[in-house]
Amino acid sequence: MKSIIIWSGSGVLLLLFFLVLSFSTAEQGLAEDHGAPYWGTELATKGQDIAIRKGCLTCHSYRGQLGAATGPTLDAVGLRLNEQAIEAFIRNGTQIMPSFEDKLTDEEIKTLAQWLSTFKSPYEER
Amino acid sequence: MAANTVDTRYENSSNVASKFLLTSAFYLVVVAIVGIIMALMLVRPDIFPNTLNFIGLRAIHLQAIIFGWLTMAIFGAYYHIIPRIAKTDLVSRKLGNLHYYLMHVAIAAVVVTLLMGQNTGREYNEPVWYLSVVVVIIWLLFFGNIMATIIKGKNNIPKFSPALVFMVLSALYLGINYLWSNFIPWTGVQQNLNVWTWAHNAVNGWFMFSIQGIFYYVVPKMTGLEGKDAPYPHFLTKLHFIAVAIFIPPSVLHHLLYNEAPVNDFWKYMGEWTSVGMLIPTFIWFYIILVCIKNSKKPLGLSGKFVLATIIFYVMNCLQGSLQSIRFVNDYTHATQWVIGHAHLALLGFISFGVFSFTYWILGRYYGADSYSVKLGNLHFWTVLVGFLGMFIPLTIAGLIEGSMRGTEFYTIHEAILPYLNARVVFGFVALFSFAVYLVNIWKVITAARATGFKPQSSEVAGIESVN
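From first to last, the protein sequence lines are chains P and S.
If you count the first sequence from 1, position 8 lands on 8 in the numbering used here, and the numbers rise without skipping.
Each position in the second sequence, counted from 1, maps to that position plus 1000 in the numbering used here.
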């Protein structure tokens, strides 16, 4: 019994130590606006909230967020499509992507389209 | 099997464990069917109605494999093994059964809510908040029951039991990570980190860790090399435990190596090098299980075959994982089909094969035979092997093609990898067939045992005949 408490307990402490440390310091040393327009701005906060809750990020990824390879990455979607075209895509869907017309409110679709149309830097090879 | 060789000391434990182990196979078939539908949707989207919700199906595929198939089977192994290490019957059969039925209700509720479109959008963590509460209650029932059993039998447990320590810590990993990821409203960068903290710790901290603990119990028993007969030095198990406990938590960061991932360089290096460090415990465990198999005193049978496949796929999985955690390689493979191949190697190749091996072995304890016939057992083994490799190899090749075409238009890439996606569908059907064989095999073992007047689920056979 003692050995279980010592061994498993120290494992739990290590886990908690790294969880707290990584969550509190992961951002340190990065520039204030290191993520704009992908995150950090007011529009990004709103857009990201919708994208996460409504399931966009289940298939699409941007800036390496989430690993799904089902749909195209959104990194440079603003270069291919303008705000109106993105809005139409979200409303109508494609063969694979479902239509989000009645799953999102008008305002949510407009916010998403506005946010996604600012995505203009393609993936960079190091 | 003679009725006078049964061991009835662990009635509660056997009752609960056999329920978990037997029904988990049902969810495996569900997972495979949903997977095949999705694989078909990606190559022939025109044959499906637009109302079929790909997002919901993908979440069901993930949730059913995590909680339905693997977690159910591993819970079953916990309920079998922990009372036997503590030499005390499971404290409460009622709580165990409540746990069992609540699991089914919760999984059904998860499937329904996901198809309704309720989804948090966080990978591996899709069920909405009120179902998260149910998961926590289920975990408390489970953990309370096994801890009470351990405390009741605390005078019987050996000074250092690797199986017990691994299993207790991995159950704690499951609970702590679930609370951390679901009940703190993370935003921004932390939210991004949080998705991977759960996803990685569920696979590495819960599945891998618990499978290793279960094997520390099952493999020595299977080979007749317990205690002093162990062909490996005992300090290796302690070293293994320390290495895993140190390397798992920071290696989460290897999911955020992308050039512009919102994490500073310190944590990126941390993620890279602790992932490479994971090779240390990998090879320690590989060595331990391998020498056990090599020096086995008993015929290994069907489950021995699965143990060998498990450790081979485990080493493959960790070599691949550590390799793609190096940023140079990660740039090439990130967000391609390679990742999906890797996920299938981990969850189907390594962990599911491990589950097959201990399920066959434990069911052998209950029903007197680990397989209905040599043919049926071998058919399962070889079809699941071909089905899995047939999905894994094309996906890996497709990932490499995608990586080499990085920056090209999406539909051009899709055209290039289409043959490989088609191959995945075909071998997906082979895998589904093998899972059906698995169900039939288990069912026939049980009916054959019942035909001889054997009372299942309440007793354990002392001498098992190895059919295979």
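Derived from the structure by calculation, the hints contain no laboratory data.
Careful, some of the hints might be misleading.
FRET-style restraints, in silico, Cβ to Cβ [stated by the list, open to error]: (1) P/SER24 <-> S/LYS1297: 27 to 37 Å; (2) S/ALA1148 <-> P/ALA88: 57 to 67 Å; (3) S/ASN1264 <-> P/SER121: 29 to 39 Å; (4) S/ILE1137 <-> P/ILE5: 20 to 30 Å.
Glycine included, each C-beta is placed from N, C-alpha and C at the ideal position.
Hint by hint, which ones does the structure fall short of? The structure conflicts with hints 1, 3, although it agrees with all the remaining ones.
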